[in-house]
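Top line first, the protein sequences correspond to chains U and Y.
75 is the number that our numbering gives to position 75 of the first sequence; each next residue is one higher, with no gaps.
74 is the number that our numbering gives to position 74 of the second sequence; each next residue is one higher, with no gaps.
What the hints contain is simulated information worked out from the structure, not anything from laboratory work.
Backbone N, C-alpha and C fix where the C-beta goes; we use that ideal spot for every residue, glycine too.
One or more hints might be untrue.
[Stated by the list, open to error] Every beta carbon over 12 Å from chain Y, so not counted as near; a handful from chain U, in silico: (1) Ile28; (2) Thr31; (3) Thr110.
[As the list claims (entries may be wrong)] What the simulated footprint calls covered on chain Y by chain U, stretch by stretch (three residues with Cβ under 8 Å from a Cβ of chain U suffice, anywhere in the stretch; the number is not a length): (4) 14 to 26; (5) 60 to 68; (6) 72 to 84.
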Amino acid sequence: GQQLNQSPQSMFIQEGEDVSMNCTSSSIFNTWLWYKQDPGEGPVLLIALYKAGELTSNGRLTAQFGITRKDSFLNISASIPSDVGIYFCAGQSGETSGSRLTFGEGTQLTVNP
Amino acid sequence: SAVISQKPSRDICQRGTSLTIQCQVDSQVTMMFWYRQQPGQSLTLIATANQGSEATYESGFVIDKFPISRPNLTFSTLTVSNMSPEDSSIYLCSVDQGWYGYTFGSGTRLTVV
Chain U
1 GQQLNQSPQS MFIQEGEDVS MNCTSSSIFN TWLWYKQDPG EGPVLLIALY KAGELTSNGR
61 LTAQFGITRK DSFLNISASI PSDVGIYFCA GQSGETSGSR LTFGEGTQLT VNP
Chain Y
1 SAVISQKPSR DICQRGTSLT IQCQVDSQVT MMFWYRQQPG QSLTLIATAN QGSEATYESG
61 FVIDKFPISR PNLTFSTLTV SNMSPEDSSI YLCSVDQGWY GYTFGSGTRL TVV
């Protein structure tokens with residue numbers, strides 16, 4: 001089946017630093033999604049990308065849909081303590097609503113004040 | 001985006017018993033999805049639940065172990081049957097919000113002892 005390789009697995013940074021994480025796949029995806037999961041909660045959507053080459057920002061977050069449609073990255077600028085959590089990329093291969101999502105393994109982010 | 005209520009939020013169960021998890025959405029949706037997240041792991045799709053038809057299970061998941069009901073367009077249940085400690089996970093329901101990506105419930109944290 002489809003697999004997403006997400007890296008790094010974990011990051012320990014100081015408050016104020018920028019963060020970058022990425023996902024790669026051997027398969028093409030039509031949609032890339034980035035989620036954040038806090039302890040005891042379900043994942044919450046941060047950014048959705050729908051077109052190859054698309055660069056989208058949401059506050060301090062920026063994500064890009066790779067031109068090959070096989071990769072995506074997420075950047076967080078000027079990190080703050082509440083950025084702590086697990087970040088997941090997810091790819092959707094179908095074009096119709098309800099197509100299954102494939103999730104990366106997650107990046108555990110720790111921000112030291 | 002849709003609001004998903006999932007119950008119970010957590011439970012500790014004896015091995016050999018069954019637990020039914022409920023998922024209520026505040027709007028009508030065609031498809032609902034059930035995921036499992038094992039400790040420290042990513043999300044794995046268990047099955048897709050359509051109203052009025054049998055759920056579609058992913059490889060490695062079977063109806064006898066994870067029976068699903070979908071009686072209407074806003075509600076679904078997932079039962080974890082004949083539980084063993086290996087079933088200890090977070091179980092999440094999700095709906096496809098189209099442009100807004102997939103929305104997740106807050107999850108049910110299951111511990112089997």
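Going through the hints against the structure:
1. Ile28: 18 Å, holds
2. Thr31: 8 Å, violated
3. Thr110: Consistent with the label, Thr110 (chain U) stays out of reach of chain Y, its closest Cβ about 15 Å off (over 12 Å).
4. 14 to 26: Per the Cβ count (0), the hint is violated.
5. 60 to 68: The restraint on the segment 60 to 68 of chain Y is violated, since only 0 of its residues have a Cβ under 8 Å from chain U and three are required.
6. 72 to 84: Three-residue rule not met by the segment 72 to 84 of chain Y, so violated; n is 0.
Of the numbered hints listed earlier, those contradicted by the structure are 2, 4, 5, 6.
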